[in-house]
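*Asks:* Chains as they are written, first to last, in my numbering: chain A, 26 to 512; chain B, 71 to 337.
Hints were generated in silico from the structure; no laboratory data involved.
Every residue, glycine too, gets a C-beta built ideally from N, C-alpha and C.
A portion of the hints provided could be inaccurate.
Some chain A residues close to chain B (C-beta under 8 Å, calculated; not the full set) [claimed, not checked]:
id: 1; residue: 243
id: 2; residue: 251
id: 3; residue: 254
id: 4; residue: 258
id: 5; residue: 276
id: 6; residue: 277
id: 7; residue: 278
id: 8; residue: 281
id: 9; residue: 377
id: 10; residue: 380
id: 11; residue: 382
id: 12; residue: 419
id: 13; residue: 422
id: 14; residue: 434
Ranges of calculated distance between the beta carbons of each label pair, as one might list FRET restraints [what the hints assert, rightly or not]:
id: 15; chain 1: B; residue 1: 255; chain 2: A; residue 2: 322; range: 19 to 27 Å
id: 16; chain 1: B; residue 1: 280; chain 2: A; residue 2: 319; range: 38 to 46 Å
id: 17; chain 1: B; residue 1: 147; chain 2: A; residue 2: 247; range: 37 to 45 Å
id: 18; chain 1: A; residue 1: 296; chain 2: B; residue 2: 232; range: 37 to 45 Å
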Amino acid sequence: MTQDVEMKEQPAPSNSVTSVGPSTLQHLKEIASLIETGAYAREVRRIVRVVRLTIALRKKLKASVLSAFLNYALVSGSEVHSRLSSYLPKEDEQDMEVDTATSTTQAPVKHPLPELEIYCYLLVLIFLIDQKRYNEAKACSSASIARLKNLNRRTIDVLAARLYFYYSLSYELTGDLAEIRGNLLSLHRIATLRHDELGQETLLNLLLRNYLHYNLFDQAEKLRSKAPRFEAHSNQQFCRYLFYLGKIRTIQLEYTDAKESLLQAARKAPAAALGFRVQCNKWAVIVRLLLGEIPERTVFMQKGMEKALRPYFELTNAVRIGDLELFKAVAEKFSGTFSSDGTHNLIVRLRHNVIRTGLRNISISYSRISLADVAKKLRLDSPNPIADAESIVAKAIRDGAIDATLDHAKGWMVSKETGDIYSTNEPQIAFNSRIAFCLNMHNEAVRALRFPPNSHKEKESAEKRRERQQQEQELAKHIAEEDDDEF
Amino acid sequence: MDPKVTEVSQLFERFKAAFIRNDFDTCSKLLSQLKVLLTEFRSLPPLFEETPNAVHELTLARDIYEHAVVLSVKIEDQDAFERDFFQLKPYYTDARGCLPPSPQEYPILGLNLLRLLVQNRIAEFHTELELLSASAMENNCIKHAVELEQSFMEGAYNRVLSARQTVPHETYVYFMDLLAKTVRDEIAGCSEKAYDSLSINDARKILLFSSDKELFEYVKEEHPEWEIKNGFVIFQKAKESAPCKEIPSLQLINQTLSYARELERIV
Numbered sequence: 026m027t028q029d030v031e032m033k034e035q036p037a038p039s040n041s042v043t044s045v046g047p048s049t050l051q052h053l054k055e056i057a058s059l060i061e062t063g064a065y066a067r068e069v070r071r072i073v074r075v076v077r078l079t080i081a082l083r084k085k086l087k088a089s090v091l092s093a094f095l096n097y098a099l100v101s102g103s104e105v106h107s108r109l110s111s112y113l114p115k116e117d118e119q120d121m122e123v124d125t126a127t128s129t130t131q132a133p134v135k136h137p138l139p140e141l142e143i144y145c146y147l148l149v150l151i152f153l154i155d156q157k158r159y160n161e162a163k164a165c166s167s168a169s170i171a172r173l174k175n176l177n178r179r180t181i182d183v184l185a186a187r188l189y190f191y192y193s194l195s196y197e198l199t200g201d202l203a204e205i206r207g208n209l210l211s212l213h214r215i216a217t218l219r220h221d222e223l224g225q226e227t228l229l230n231l232l233l234r235n236y237l238h239y240n241l242f243d244q245a246e247k248l249r250s251k252a253p254r255f256e257a258h259s260n261q262q263f264c265r266y267l268f269y270l271g272k273i274r275t276i277q278l279e280y281t282d283a284k285e286s287l288l289q290a291a292r293k294a295p296a297a298a299l300g301f302r303v304q305c306n307k308w309a310v311i312v313r314l315l316l317g318e319i320p321e322r323t324v325f326m327q328k329g330m331e332k333a334l335r336p337y338f339e340l341t342n343a344v345r346i347g348d349l350e351l352f353k354a355v356a357e358k359f360s361g362t363f364s365s366d367g368t369h370n371l372i373v374r375l376r377h378n379v380i381r382t383g384l385r386n387i388s389i390s391y392s393r394i395s396l397a398d399v400a401k402k403l404r405l406d407s408p409n410p411i412a413d414a415e416s417i418v419a420k421a422i423r424d425g426a427i428d429a430t431l432d433h434a435k436g437w438m439v440s441k442e443t444g445d446i447y448s449t450n451e452p453q454i455a456f457n458s459r460i461a462f463c464l465n466m467h468n469e470a471v472r473a474l475r476f477p478p479n480s481h482k483e484k485e486s487a488e489k490r491r492e493r494q495q496q497e498q499e500l501a502k503h504i505a506e507e508d509d510d511e512f
Numbered sequence: 071m072d073p074k075v076t077e078v079s080q081l082f083e084r085f086k087a088a089f090i091r092n093d094f095d096t097c098s099k100l101l102s103q104l105k106v107l108l109t110e111f112r113s114l115p116p117l118f119e120e121t122p123n124a125v126h127e128l129t130l131a132r133d134i135y136e137h138a139v140v141l142s143v144k145i146e147d148q149d150a151f152e153r154d155f156f157q158l159k160p161y162y163t164d165a166r167g168c169l170p171p172s173p174q175e176y177p178i179l180g181l182n183l184l185r186l187l188v189q190n191r192i193a194e195f196h197t198e199l200e201l202l203s204a205s206a207m208e209n210n211c212i213k214h215a216v217e218l219e220q221s222f223m224e225g226a227y228n229r230v231l232s233a234r235q236t237v238p239h240e241t242y243v244y245f246m247d248l249l250a251k252t253v254r255d256e257i258a259g260c261s262e263k264a265y266d267s268l269s270i271n272d273a274r275k276i277l278l279f280s281s282d283k284e285l286f287e288y289v290k291e292e293h294p295e296w297e298i299k300n301g302f303v304i305f306q307k308a309k310e311s312a313p314c315k316e317i318p319s320l321q322l323i324n325q326t327l328s329y330a331r332e333l334e335r336i337v
């Protein structure tokens, strides 16, 4: 029925459209045909390209263009069509009609592919989020997720992964992240059963984000350690995963591992993702401080990050000097920033490191110093500073932070001569860890390279090709014979 | 009212009566009966069904588990504490929306923090800490545990011990006593490394013993390698990390071979 109506409209003039409209629409149509070929040929790569092209178009999306595209891609009057159209604003009715006309000049698709349908959902959802109409975005994304659960096609997986992301985003923007946790978990389960690795990856990250949003580190870690792991498919998702992993490990005091994940996340993140890199750097700075390292000045001077990292820079400075008063002042001055970054509790943990650094400085400068002076220099404000200083020094000695002995009767601390470090295995170990790092980096880089498909076959000499083809033919014949045998 | 709720309430009254009498055997018996009865309420976690008297049932169950946690402290059973606490936790987190806050919440959370500290489960301690809001951190009971952890990490052990006098709740004493024991072991470990020797008098004071005899017994049991001579406790220094004379050949060979393999792959 509807098809007929559209057919009649076909000869309508199409040159009265606005200048932006047709080009964007044209792009969208090209994308649609790309989806079609991708879907028929079952080529996931094409769909990946679709997603990339769409992101490029994101800023140009307009209600009129979208509704035109919906009319083009979906059967008008169908359930999906009417539902998606209802999310688009109606005010520019005029434009819409004109665009409808253009769309019908193309031959309308008779049976819209599920891929195309899902793609329309995705477009509308992106549009709604960009327009800050979050409640509608929530409704739209929930509808799309309900639809997705019934579709099981590998070509949809890529689009589905994007949809999951925007689904979670729309709920996060309205602050209802807890609501969808159960849903995400079941989606993750479905993705696992369907071997949809990209979907699993995306959903695992969304779940981690969901848990961490409510500081549920325990649950996040339990999920993370039990979820299936595989080679990362998407660099972005892998970065996110590393970041969340780093956060979890920081909270659970596994600083060395945390540092590795956070630094890797910061390095791997695309240059455009400034906010993400800033977050990674903030956490990495704190973790390094907690490890007793002092991050280099260049970390804080990275382009575009100076301002955001300023509080952390001052904090680092306080820790470096080992001045408790200064540390307290900085922590208080930026307490707002720290608590909004969720790093407040970590900074409380740092107090201990400030004392350690101060103590190390004292131990290096003095060969012998009274405990009363140590307490004064560390500015320990407690009812019994000398006793405090004594036990703090004792603990630092046991933990290997300083090399000294205490004399209780005389109340002083005697620092030992620092031995020649080159007579130990230390340099060898440090050297080894650096070499291992470089080699690992090289291997990762090689693995990350993308090769066009079949490139290795082109190098194959003509002779070899003939040989291979012959072999294949023989194989085929063999199989055919076997088939015959069965009858 | 639902007969089941009435039954549980009555049983709980008997439990509370026994609890006040400090009749812990009866308490434990009643508690296990109560727990079985609670499983029949469909409004409780993990189902959270919205039954007509859900709020009443939830409040009752929360009350029961709060008492169970305190009871486990009184009978000094840490495993029971952990079990009961985990059963109680959903009432504080997931049922927060539909229940009025409990006055016992912070004392019990603080108690749990203290338990983690005593058991030296610092990672879990911090995980729990992240769940608390800024206002919760201001609470006396929570603050107490947080400050203890800080002093403990810094090594200001006498501050840990003096905190025993300022416990915010009587149930905390049990864990504080346990903590004192942990602290003593820590101090012993530190002293061993930090001092060459200590006079018996000082050692007694540092290790918080009231008499020399206790000190001697402790040394005999925990640190037989310490020597007591001429009124001094002499610590046998752990072997210093002497300059390495031996080359760890096997390790070096392995490393070098792996470099060679990697380089081969690159070239």
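*Asks:* Give a verdict on every hint.
*Replies:* Hints, verified against the model:
At about 5 Å, the closest approach between the beta carbon of residue 243 of chain A and any beta carbon in chain B falls short of 8 Å, and the interface hint on this residue holds. Taken as an interface hint, residue 251 of chain A does not check out: its beta carbon lies about 17 Å from the nearest beta carbon of chain B, beyond 8 Å. Of the supplied interface hints, the one on residue 254 of chain A is violated, with its beta-carbon coming no nearer than about 22 Å to a beta-carbon of chain B, more than 8 Å. The beta carbon of residue 258 of chain A comes no nearer than 24 Å to any beta carbon in chain B, farther than 8 Å, and the hint placing it at the interface is violated.
Because the closest C-beta pair between residue 276 of chain A and chain B is about 6 Å apart, less than 8 Å, the hint holds. Here the hint on residue 277 of chain A is kept, as its CB sits about 4 Å from the closest CB of chain B, short of 8 Å. The restraint placing residue 278 of chain A at the interface with chain B holds, with a minimum CB-CB distance near 5 Å, inside the 8 Å limit. The restraint placing residue 281 of chain A at the interface with chain B is violated, with a minimum CB-CB distance near 14 Å, outside the 8 Å limit.
Satisfaction of the interface hint for residue 377 of chain A is found here, the shortest Cβ-Cβ separation to chain B being roughly 5 Å, below the 8 Å cut-off. Given the 8 Å rule on beta carbons, the hint for residue 380 of chain A holds: about 6 Å separates it from the nearest Cβ of chain B. The closest approach between the C-beta of residue 382 of chain A and any C-beta of chain B is roughly 13 Å, which is over the 8 Å cut-off, so the hint fails. For the restraint placing residue 419 of chain A at the interface with chain B, the shortest Cβ-Cβ distance is roughly 4 Å, inside the 8 Å limit, so the hint holds.
The restraint placing residue 422 of chain A at the interface with chain B holds, with a minimum CB-CB distance near 4 Å, inside the 8 Å limit. Look at residue 434 of chain A: its Cβ gets to within about 7 Å of chain B, closer than 8 Å, so that hint holds up. For residue 255 of chain B and residue 322 of chain A, the hinted distance range of 19 to 27 Å is not satisfied, since their beta carbons lie about 42 Å from each other. A hinted range of 38 to 46 Å for the beta carbons of residue 280 of chain B and residue 319 of chain A is consistent with their spacing of about 45 Å.
A hinted range of 37 to 45 Å is violated for the C-beta pair residue 147 of chain B and residue 247 of chain A, which are about 25 Å apart. At about 53 Å, the beta-carbon gap between residue 296 of chain A and residue 232 of chain B misses the expected band of 37 to 45 Å.
Of the numbered hints stated above, those contradicted by the structure are hints 2, 3, 4, 8, 11, 15, 17 and 18, listed in ascending order.
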